[in-house]
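Enquirer: In order, the protein sequences belong to chains A and B.
Using the working numbering, the final residue of the first sequence is 396, and nothing's skipped along the way.
Using the working numbering, the final residue of the second sequence is 396, and nothing's skipped along the way.
Hints listed in this document are in silico derivations from the structure and should not be mistaken for laboratory results.
Hints are supplied without guarantee of correctness; some may be wrong.
Claimed, not checked - For lysine-lysine, the following DSSO-like pairs were computed, each having C-alpha atoms within a straight-line distance of at most 30 Å:
#1 K6(A) x K202(B)
#2 K6(B) x K53(A)
#3 K202(B) x K83(A)
#4 K53(B) x K269(A)
#5 K6(B) x K145(A)
#6 K83(A) x K83(B)
2 protein chains.
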Amino acid sequence: MVAQKMYELGTKKSTIRTIFEYGRQRAAEVGEENIYDFSLGNPNVPTPDFVKQAVIDIMSTMSPTAVHGYTIAPGNPEVREKLAASINERFGTNFAGRNLFMTSGAAAAITICFKALCEENNEFIAFAPFFPEYRCFVESVGGKLVVVPAKTDDFQIDFTAFEKLITGQTKAVIVNSPNNPSGAVYSEDTIRQLASLLRAKEKEYGHPIFIISDEPYREIAFEGYTVPYVTKYYENTLVCYSYSKSFSLPGERIGYIVVPDEVADFGKIFGAVAGAARVLTHVNAPSLWQLVVAHCAGKPSDIETYKRNGKLLYEGLKAAGFECVRPQGAFYLFPKALEEDDNAFCERAKKYDLLLVPGTDFGCPGYFRAAYCIKTETIEKSLPRFKELAAEYRG
Amino acid sequence: MVAQKMYELGTKKSTIRTIFEYGRQRAAEVGEENIYDFSLGNPNVPTPDFVKQAVIDIMSTMSPTAVHGYTIAPGNPEVREKLAASINERFGTNFAGRNLFMTSGAAAAITICFKALCEENNEFIAFAPFFPEYRCFVESVGGKLVVVPAKTDDFQIDFTAFEKLITGQTKAVIVNSPNNPSGAVYSEDTIRQLASLLRAKEKEYGHPIFIISDEPYREIAFEGYTVPYVTKYYENTLVCYSYSKSFSLPGERIGYIVVPDEVADFGKIFGAVAGAARVLTHVNAPSLWQLVVAHCAGKPSDIETYKRNGKLLYEGLKAAGFECVRPQGAFYLFPKALEEDDNAFCERAKKYDLLLVPGTDFGCPGYFRAAYCIKTETIEKSLPRFKELAAEYRG
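Next comes chain A alone, as it looks inside the complex (with noise of 0.2 Å):
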């Protein structure tokens, strides 16, 4: 009666929700402060006075119909020129309105630059540990997804393992730096050997192989740590950017692709991207926030609750016996499990009352996410059971 594949995606739940459940009825029981829930990338910091500044003005000052009518497919054309001058402003780009497409957040974007890009028997390669829902998507488009073993000491990229699994059917490479869930910044050196592997392959396989960078955590990196902006290495790269983590605006839908003048076909993309926004019914951008990002362009993240949360509990863990890469940026960390089942791992940590995702669910099993996007205090309060479970591995 109806498309089963269609009742799995929409009833099957997630890990994540799973435990975010599970969450939910445990503090009903015990009380909110006595749970310790990683489980959920969603941002803590509060949406920046100026947007709702923004808001405020835009609505007061501009004709409605200005503000609510529907704009071209590819966005508002004033929306377009001031985000690409901000991005080049930013980073020494040479963008102009004509190379953005607004969508509806980065999980439209993503999937947007798929359905644009696959042809049959398509392979588009994504680097463990990866947010799952790049499956899903890139399946839904008819694609496959090649994943990359991790490389668990930097959560960089393996590039031997990387150089295997390219075929002559690589449409594209997924980068997602900052990542979710390593919390690691891929290095310029990681992008330039990138390039330069894929530039070969493209020379080898005779016809492009694009890199789709999706950046919904771009402006969350820390002290030390740089976010290269992949379209200055690399030509065929379509960028994905969401304001969802930046200005905490999950709930609105608003991002970005950028397709640079540089890409092999730039009429051909740009064609495919909005065929694809069209069939996947994004008929345009929302318009109000789209004039809000553009009101907001080059504004600040406010990223400093998200640097101390993440020190605090890379500090706590590490003390407590855990293995883990520094945090680089985005708010996740990715520590070792203690034991080499994950989900046997946090199924233990449950016992006190410490919600982490097993790494499993992000193809790289025997680790955990550790999402630090809550209240410092809560992260304070889960150190000393963190030691607890370390304590009860030790035995």
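Dock chain B against the given chain A, drawing on the hints supplied.
Expert: Just chain B now, kept in the frame of chain A:
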């Protein structure tokens, strides 16, 4: 290099868009005031003040995290309860929040329904004249669009032709009343007859056949015409609603799907709707706009301008000798062209700077669409031109 189909869908200009762009160019030559552009179905009544007030109230009083955070995929539970109560109050239905799935407008809503329901070789039936994007959306989910020829005397349903086109593969029938482009409202009698025929066919084929009721124009129905609430006549109905026309918010992308308890299998269908929304990357409907429409639930649409415009254009066209069904709702008239070839007719109308859309675009050759969501003054000034055009045909 790219998905050829996406490239074509993203670059082939629609007839409406081509006419509109011609109009912009022509306006630059002869002046805006000398162009009679009836091409676009873009609401020209300003967004009501209570919407602006709701935005400002919500932004000023609620916490930003509550306003801009992710909602669960079907939407904010309180919003859904409030909208369900409002529908119940207006139409005597019996919905709860669980029956609503908030969407990014009606294009998303109907395509989510198509994708949720479509199994292999399924057919979806539309009644000509119909919104041209139906074909794109149905085909994009792997379905086949079957078109019932128009009943041109009143633009109700030709049940004899319709019955012949229902097969064992028919999954759903699309109802769009008030209709784009005919401006007709389906009578209660039409809906009753439709329900009775579909019930017989469900029995004959032994499986459900759904009505997908696409209702963006529900509020725009003129005196003497009421729009039956289809779920009250037929159990297997999914309602797709949008605030684009009723509150003049087309750019914001906000609407909902109603899945009544009475459908063949509520859990199965609601689950498939959630899965379809997920792969179409509608993570959640824009969160501020969910709150705004709940805040404005039950507030009236301003349809006076459309009523006045429709009457003015209808009487003018009749006086000029056109055959036309009286305006009943939405903001379109769909008169008979003055020659068989509606494309040739619309080309000739351009000589008088009358920009009209050929009926062929809506699956109904020999007719044309005139969208009267434009300035009343423009309509007034256009009437002598329609007279001249008609005189040219009389020779």
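Enquirer: Could you tell me which of the numbered hints above are not met by this structure, giving the numbers in increasing order?
Expert: 2, 3, 4, 6
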